[in-house]
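Enquirer: Here's the letter readout for the chains.
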Amino acid sequence: MPPRTCALCNDARAILKRPKTGQQICKECFFYVFETEVHNTITEARLFKPGDRVAIGASGGKDSTVLAHVMKTLNERYKYGLELFLLSIDEGITGYRDDSLETVKRNQQQYDMPLKILSYDELYGWTMDAIVAQIGKKNNCTFCGVFRRQALDRGAAILNVDHIVTGHNADDIAETVLMNIMRGDIARLGRCTSICTQGEDTIKRSKPFKYAYEKEIVMYAYFKKLDYFSTECIYSPDAYRGHARAFLKDLEAARPSAIIDIIHSGEAFEIKEDVKATQKIQQTCRRCGYMSSNELCKACTLLEGLERGMATAAVTDRARKRLDADGPAPENLRTIPMFQLPSAPRQKPTTTAVEGTT
Amino acid sequence: MSAINLKIEFGGGLELLFSNQRSHRIAIPANVPVPTPEGSDVQTKPADLTYLIFWLRDNLLKERAELFVENGTVRPGVLVLVNDTDWELEGEGEYQLKDGDEIVFISTLHGG
Ligand SMILES: [Zn+2]
Ligand SMILES: [Zn+2]
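Protein chains in written order, with the working numbering: chain A, 1 to 358; chain B, 1001 to 1112.
Calculated from the structure, these hints are not laboratory results.
Just so it is clear, CB atoms sit at the ideal spot from N, CA and C, and this is done for glycine as well.
It cannot be assumed that every hint is accurate.
[Unchecked claim] Label pairs and their calculated CB-CB ranges:
1) A253/A to E1102/B: 43 to 49 angstroms
2) A1003/B to R4/A: 27 to 33 angstroms
3) I1026/B to H264/A: 14 to 20 angstroms
4) R106/A to N1020/B: 16 to 22 angstroms
5) Q110/A to K1045/B: 42 to 48 angstroms
6) E102/A to R1025/B: 27 to 33 angstroms
7) N294/A to F1054/B: 52 to 58 angstroms
8) F1054/B to E83/A: 31 to 37 angstroms
9) N10/A to A1003/B: 35 to 41 angstroms
10) R241/A to Q1043/B: 44 to 50 angstroms
11) E1092/B to M338/A: 56 to 62 angstroms
[As the list claims (entries may be wrong)] Derived pair list, reagent style DSS-like, types lysine-lysine, alpha-carbon separation capped at 27 angstroms:
12) K27/A to K1062/B
13) K225/A to K1098/B
14) K17/A to K49/A
15) K137/A to K1062/B
[Said to hold, decoys possible] Rough simulated footprint, nothing fancy, chain B against chain A, three-plus residues with beta-carbon under 8 angstroms:
16) 12 to 19
17) 205 to 219
Please construct the entire structure, taking both the sequences and the accompanying hints into account.
Expert: Pasting the structure below:
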């Protein structure tokens, strides 16, 4: 087969077929269009303001490694004026997280960004290894998910940032849309596609890779020779998600636009504000001060269950009642330190969102 | 019988299926038999990428073949590069291998 020339510059040899468009493009044009599309996603959603302090949720995996690289590149190229940080959560999984954290530490050097690592152990007094030793592998993803979400917010508060960006890509979002459809969770269906989530008093979270295909993220990492870690979590038994992923990849093989099409379907379900109003009102956790829709936040409930040896307490309502029936929480119960939102008064620049320069 | 030498790289977690070794040098036959009805003369064709995928599964892979091969090709989500070019630009499985080719397989399926 003769070498093909790039559809964009009509000059260099094509090295990649874009899944989104079918275009055949060269390496330099690929870097440029990939970065520019992320820039467009950022500016169209007005994700940042000059002077924002932004933490990149960094796992050492491909998505967050590419995100750190692209955020640094765009921040310099388009003068976003952001202060960037790396924020990693150490779940305490021997042979998995300890290795990936080494990757994050190298990223810190390579990208010259301050890094904060917050561990489950220091925050909750439990590593995932210890949790799995007590409860087995069945519900451990529930614990890990709840603990990670709160740990990221607490890490952000320590760094005094009010915005966390994560590496969720188009494939991840399409997969979540599929899972919410299969569960019949319409409320979550629209929400899971929003690029940015922010409640009244929560730390802002957004997904600059919302429209970036996993294939292109991996190709970008490969051609830029970025250093990332790739091993499955050793405790990950989420077979349902695995099936959704395999199904999505089959769809993509048959028709590459399937991923974007599914995201658009999810977006069409975004529910109106007045419907949202009927959802539970946010309050703060009586024990730790974290945002919660109940008296106790999920992490405090899970932690209490672990400490009292009734670990399934927060996983089902019935188990929670058993825990309550067993009596009030003991005085000396281990608790999570009080949460405080980043509140240091910062100079708010008068300019509005970062705009495109074109 | 002539052979072609290839450099094979695994990444993105696929190396775990291949003795946790990212880089391999192998030699495969330059011409390989084409499946023919029994009794007829054995015919051959130049070795292509599809042949290589099954050769790797049968000769180099150590565990969980289903994470590498599915429905006669690589599993969806595994990227293939031929001399640093997306195999989708090179005819995918029909690409005819040449001596000295470098073939890269990267899984996209491992955590973000
Ligand atoms: Zn080009
Ligand atoms: Zn709490």
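Enquirer: Hint by hint, note whether the structure agrees.
Expert: Results for each hint:
Between A253/A and E1102/B the Cβ separation comes to about 24 angstroms, which falls outside the hinted range of 43 to 49 angstroms. At roughly 29 angstroms, the beta-carbon separation of A1003/B and R4/A lies within the given 27 to 33 angstroms, and the hint holds. With their beta carbons about 44 angstroms apart, I1026/B and H264/A fall outside the hinted range of 14 to 20 angstroms. The hint said 16 to 22 angstroms for the Cβ distance between R106/A and N1020/B, and at roughly 20 angstroms that hint holds.
Judged by the Cβ atoms, the range 42 to 48 angstroms given for Q110/A and K1045/B holds: they are separated by roughly 46 angstroms. Remark: the range hint 27 to 33 angstroms for E102/A to R1025/B is upheld by a beta-carbon distance near 28 angstroms. Checking the proposed 52 to 58 angstroms range against N294/A and F1054/B shows it holds: the Cβ atoms sit about 55 angstroms from each other. The hinted range of 31 to 37 angstroms is not satisfied by F1054/B and E83/A, whose Cβ atoms lie roughly 52 angstroms apart.
Hint check: N10/A to A1003/B, Cβ distance near 39 angstroms, so the stated range 35 to 41 angstroms holds. Hint check: R241/A to Q1043/B, Cβ distance near 45 angstroms, so the stated range 44 to 50 angstroms holds. As the Cβ distance of E1092/B to M338/A is approximately 57 angstroms, the hint placing it in 56 to 62 angstroms holds. In summary, the hint linking K27/A to K1062/B is not supported, as the alpha carbons are separated by about 34 angstroms, beyond the 27 angstroms threshold.
Between K225/A and K1098/B the CA atoms are separated by roughly 25 angstroms; this keeps the pair inside 27 angstroms, and the hint holds. Distance restraint check for K17/A and K49/A: the Cα-Cα separation of roughly 34 angstroms exceeds the 27 angstroms cut-off, and the hinted pair is therefore not satisfied. For the proposed pair K137/A and K1062/B, the alpha carbon gap of about 26 angstroms is at most 27 angstroms, so the pair holds. Under a criterion of three residues with beta carbons nearer than 8 angstroms to beta carbons of chain B, the stated coverage of the stretch 12 to 19 of chain A is upheld, 5 such residues being counted.
With 5 residues bearing a CB less than 8 angstroms from a CB of chain B, the stretch 205 to 219 of chain A meets the requirement of three and the coverage assertion stands.
The structure fails hints 1, 3, 8, 12, 14 (numbered hints given earlier, in ascending order).
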